[in-house]
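Novice: Take a look at the letters that make up each chain.
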Amino acid sequence: MTPASSAKAPFQNKLLPLMLLLPQLLITLVFFYWPSVQAVQQSLYIEDPFGLSSEFAGLANFTALFKDARYVDAFLRSLFFSAAVAGISLSLSLLLAVCADRVVRGATAYKTLLLLPYAIAPALAGITWMFVVHPSIGIVGRAFIAMGIEWNYLLNGNQAMGLVIFAAAWKQISYNFIFFLAGLQSIPQSLMEAAAIDGAGPAKRFRDIVFPLLSPTAFFLLVVNIVYAFFETFGVIHAVTSGGPSKSTEILVYKVYSDGVVGLDIGGSAAQSVILMVIVIALTFVQFRYVERKVHY
Amino acid sequence: MVENRPLATFFAHLVLIIGVVIVTFPILFTLLASTYDSSDVASGKVGLLPGGMGLENYWLALTAGARTTAQNPAAQMLLNSAIMAVTIAVGKIIISLLSAYAVVYFRFPGRMLCFWAIFLTLMLPVEVRILPTYKVIADLRMLDSYAGLTIPLIASATATLLFRQFFMTVPPELVEAAKIDGAGPLKFFRDILLPLSVTNIAALFVILFIYGWNQYLWPLLITTSGDMDTVVIGMKKMIGGDDAQTDWGIVMATTVLAMLPPIAVIVIMQRWFVKGLVDQEK
Numbered sequence: 028m029t030p031a032s033s034a035k036a037p038f039q040n041k042l043l044p045l046m047l048l049l050p051q052l053l054i055t056l057v058f059f060y061w062p063s064v065q066a067v068q069q070s071l072y073i074e075d076p077f078g079l080s081s082e083f084a085g086l087a088n089f090t091a092l093f094k095d096a097r098y099v100d101a102f103l104r105s106l107f108f109s110a111a112v113a114g115i116s117l118s119l120s121l122l123l124a125v126c127a128d129r130v131v132r133g134a135t136a137y138k139t140l141l142l143l144p145y146a147i148a149p150a151l152a153g154i155t156w157m158f159v160v161h162p163s164i165g166i167v168g169r170a171f172i173a174m175g176i177e178w179n180y181l182l183n184g185n186q187a188m189g190l191v192i193f194a195a196a197w198k199q200i201s202y203n204f205i206f207f208l209a210g211l212q213s214i215p216q217s218l219m220e221a222a223a224i225d226g227a228g229p230a231k232r233f234r235d236i237v238f239p240l241l242s243p244t245a246f247f248l249l250v251v252n253i254v255y256a257f258f259e260t261f262g263v264i265h266a267v268t269s270g271g272p273s274k275s276t277e278i279l280v281y282k283v284y285s286d287g288v289v290g291l292d293i294g295g296s297a298a299q300s301v302i303l304m305v306i307v308i309a310l311t312f313v314q315f316r317y318v319e320r321k322v323h324y
Numbered sequence: 585m586v587e588n589r590p591l592a593t594f595f596a597h598l599v600l601i602i603g604v605v606i607v608t609f610p611i612l613f614t615l616l617a618s619t620y621d622s623s624d625v626a627s628g629k630v631g632l633l634p635g636g637m638g639l640e641n642y643w644l645a646l647t648a649g650a651r652t653t654a655q656n657p658a659a660q661m662l663l664n665s666a667i668m669a670v671t672i673a674v675g676k677i678i679i680s681l682l683s684a685y686a687v688v689y690f691r692f693p694g695r696m697l698c699f700w701a702i703f704l705t706l707m708l709p710v711e712v713r714i715l716p717t718y719k720v721i722a723d724l725r726m727l728d729s730y731a732g733l734t735i736p737l738i739a740s741a742t743a744t745l746l747f748r749q750f751f752m753t754v755p756p757e758l759v760e761a762a763k764i765d766g767a768g769p770l771k772f773f774r775d776i777l778l779p780l781s782v783t784n785i786a787a788l789f790v791i792l793f794i795y796g797w798n799q800y801l802w803p804l805l806i807t808t809s810g811d812m813d814t815v816v817i818g819m820k821k822m823i824g825g826d827d828a829q830t831d832w833g834i835v836m837a838t839t840v841l842a843m844l845p846p847i848a849v850i851v852i853m854q855r856w857f858v859k860g861l862v863d864q865e866k
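Chains G and P are the protein sequences, given in the same order.
Each residue of the first sequence is one higher than the one before, counting from 28 in our numbering.
Each residue of the second sequence is one higher than the one before, counting from 585 in our numbering.
Among these hints, one or two may not hold up.
What the hints assert, rightly or not - Under the rule of at most 27 angstroms between Cα atoms (straight-line distance), these lysine-lysine pairs were calculated in the DSS-like manner:
#  : chain 1 : residue 1 : chain 2 : residue 2
1  : G       : Lys274    : P       : Lys629
2  : P       : Lys859    : P       : Lys719
3  : P       : Lys629    : P       : Lys719
4  : P       : Lys629    : G       : Lys41
5  : G       : Lys94     : G       : Lys274
6  : P       : Lys820    : P       : Lys629
7  : P       : Lys763    : G       : Lys274
8  : P       : Lys629    : P       : Lys859
9  : G       : Lys231    : G       : Lys138
10 : G       : Lys41     : P       : Lys763
11 : P       : Lys859    : G       : Lys138
Hints listed in this document are in silico derivations from the structure and should not be mistaken for laboratory results.
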């Protein structure tokens, strides 16, 4: 990840490059680093609800969080949510990519249509699926009720969770599909032909050739999907369930918002922010470790 | 395809057709519902054929907004979204081009520090610093303004990395030739590097436009006044009430209008879009 260091500098100016970097650096300092430092600092203090005084509290905000059953629940729920979103989205996209790699006729039409969810905002992905499964207006929701299922995601926490997981996974299908298809198309045709001549059928070829060659792509996508499910699904949750019914869809990124912006618990919300920060840093680190390996391979 | 297996090809088509139905279903349903009268939508009469209210719903959505919830006309919200998306996309491209140029073509003290400072912002999404960022925007008096909606999102580690990657593949002979011909650094940038970057810029623009259009948490934090609502936020506000009272026809039409621009961008610029997405992760 380091800029090429061996090349001799084409231009000798010392001031000009700093001027060129200035806008970006200014924005990162003011809107990224300064608030992040503040979040870390606030997480170590306890502030009274009126913001009049604050007191150094060490790690008290953090220990309080992990003693709070609601936070631990939200934490475990986020893990489940991310695993479900990533699992569903990755497996559906892989299946679709394998099929799209095989067909010739209509391939472009399939591809264009499968790209559509990428265009939809997470919040709108949630809202449009909500329309579809709405107990009174939705075509699928009404069908569920007609079949005798007690269907109401506004009251039933598991159904609400199912809805947000599905909408979030749906939105990510396009992205995964593009990368899986690109991965599949980069597998040398000669390899597959050789295996076929040796008598390997499609299933065996998939297991022994395609899957191992695709695994770096799959691993990279897994990390991207987990990051997506942890952070970018805020819109789905906020627009569809607002964390409800009775907190059953409250994931970490929603809780940090509702405790901080709605509940105005500065220290507690900051501590939650810091925990999320650690999670992003860990995931980004894993992702770039992998990219480095791909380069050397 | 290695060998001809008609049955496998048939199944591949079957899976793709089911996949396409699932993927397009909520979009199609919303599109169909947007052509029905609100009371028909509320009582679940939306079928697989369009209703007759399409033009009225879209006209009302654009000019008046939902009648039941005091919302803005969609035209204003679409304009806000367009301003936000275009400013963010163009802004990110400009400052990332400049940063990448500085990092690749100059050697100066603090170069690595600058590079890492930009790179590490990848690890600080808005979601992990909500309250303090809000406070900075409030202190700078940027709440409820286009500046507040856009400027803080203009920093871009991924775009900077992408351009840096691309500049490093530009043959060094080009710089040497330009220097021999007497071109200074700014002239080289404008007359040689920029024209070479056009496809990268187009690809990135598609991704960033969609990113800007689809922002949610940021406008939710930064704007409170209704006439600053982006269309995605406005949508959420429209469905916040009692279901039986919701002006569904207008809600559906507004949803379609909210989805249309990013869908159009993806369909029209599909090749660039795929390139932009795949390049970004290299």
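Novice: Evaluate each hint against the coordinates.
Specialist: Against the structure, the hints:
Restraint check for lysine 274 of chain G and lysine 629 of chain P: not satisfied, since their Cα atoms lie roughly 32 angstroms apart, outside the 27 angstroms limit. A threshold of 27 angstroms between alpha carbons decides the hint, and for lysine 859 of chain P with lysine 719 of chain P the separation of about 38 angstroms lies outside it, so the pair is violated. Restraint check: the Cα-Cα separation between lysine 629 of chain P and lysine 719 of chain P comes to about 47 angstroms, which exceeds 27 angstroms; the hinted pair is violated. Pair hint lysine 629 of chain P plus lysine 41 of chain G does not hold up; C-alpha atoms about 69 angstroms apart against a cutoff of 27 angstroms.
The straight-line distance between the Cα atoms of lysine 94 of chain G and lysine 274 of chain G is roughly 17 angstroms, inside the 27 angstroms bound, and the hint therefore holds. Taken as a hint, the lysine 820 of chain P and lysine 629 of chain P pair is honoured in the structure, with Cα atoms around 23 angstroms apart against an allowance of 27 angstroms. Of the supplied pair hints, the one linking lysine 763 of chain P and lysine 274 of chain G is violated, its CA atoms being roughly 64 angstroms apart against a limit of 27 angstroms. For the hint linking lysine 629 of chain P to lysine 859 of chain P, the alpha-carbon distance of about 42 angstroms lies beyond 27 angstroms, and the restraint is violated.
As the CA atoms of lysine 231 of chain G and lysine 138 of chain G are separated by approximately 26 angstroms, the hinted pair is consistent with the 27 angstroms bound. Proximity of lysine 41 of chain G to lysine 763 of chain P is assessed by CA-CA distance (about 17 angstroms); at most 27 angstroms being required, the pair is judged to hold. For a cut-off of 27 angstroms, the pair hint linking lysine 859 of chain P to lysine 138 of chain G stands: about 14 angstroms separates their Cα positions.
Checked against the numbered hints above, the structure violates hints 1, 2, 3, 4, 7, 8; every other hint is satisfied.
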